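Line order of the protein sequences matches chains A and B.
Counting in my numbering, the first sequence runs from 1 upward without gaps.
Counting in my numbering, the second sequence runs from 116 upward without gaps.
Derived from the structure by calculation, the hints contain no laboratory data.
If you're wondering where the values come from, they're calculated on a predicted model, not measured in any experiment.
Hints may be right or wrong, so weigh each one.
[What the hints assert, rightly or not] Each computed DSS-like pair below joins lysine-lysine, with the alpha-carbon atoms no more than 25 angstroms apart:
no.: 1; chain 1: A; residue 1: K71; chain 2: B; residue 2: K183
no.: 2; chain 1: B; residue 1: K116; chain 2: B; residue 2: K183
no.: 3; chain 1: B; residue 1: K116; chain 2: A; residue 2: K14
no.: 4; chain 1: A; residue 1: K11; chain 2: B; residue 2: K157
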Amino acid sequence: DTGVSQDPRHKITKRGQNVTFRCDPISEHNRLYWYRQTLGQGPEFLTYFQNEAQLEKSRLLSDRFSAERPKGSFSTLEIQRTEQGDSAMYLCASSLVGGPDNEQFFGPGTRLTVL
Amino acid sequence: KQEVTQIPAALSVPEGENLVLNCSFTDSAIYNLQWFRQDPGKGLTSLLLIQSSQREQTSGRLNASLDKSSGRSTLYIAASQPGDSATYLCAVRLTETSGSRLTFGEGTQLTVNP
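Please model the complete structure; the sequences and the hints are all you need to start from.
See the structure below:
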């Protein structure tokens, strides 16, 4: 499958624990995005990378959140000291700069539940 | 700040009916607009993308229109089927110099009854 993949698909954790999610973009897509979606709402932008450079961060991305894309391929999103308010679906997307329409393609998401 | 609104929030129709979903946005300086479908607990599937210079796009039973000056887009679904039941989201991307983020509406939850 050549689509965007995310791992894990579901994560249940206790408040205060750290969690890390992984996203593998479509091969050769140079832009990678993270969004967060809470129940009944549309996704909200968190951050994006072009190759390995993190070019934009939303104010939603508090100090407890960190994202990396070390070699310009896969990306990780880490949440430290999780809170119940972090419970959401975390969506990853990728696009190709200069590609047709620069369209973003989304992965299946990681559902986080903080108890 | 770009704001995107979708009306109605929920819609229930009998199978076979034609329907229109509405999306409005406050900043008309958009680069493009995308319509997505989301099934419960799943990721987003892109349905149609309209560039700012285009007026409409069609794919099968779906037709999306864009009126940038008035800040509106519609998604028309012809001959609806129970398999069309899902949440439909519209998202806008501002001009290239304003970054690459998509700003989403809250979605319209569509139920097509057999």
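Here is how each hint holds up against the structure:
Our distance criterion of 25 angstroms between C-alpha atoms is broken by K71 (chain A) and K183 (chain B), whose separation comes to about 38 angstroms. A hinted pair counts as satisfied when its Cα atoms are at most 25 angstroms apart, and K116 (chain B) with K183 (chain B) qualifies at roughly 16 angstroms. For the proposed pair K116 (chain B) and K14 (chain A), the alpha carbon gap of about 35 angstroms is over 25 angstroms, so the pair is violated. Distance hint between K11 (chain A) and K157 (chain B) is fulfilled; the C-alpha atoms sit about 15 angstroms from each other, no more than 25 angstroms.
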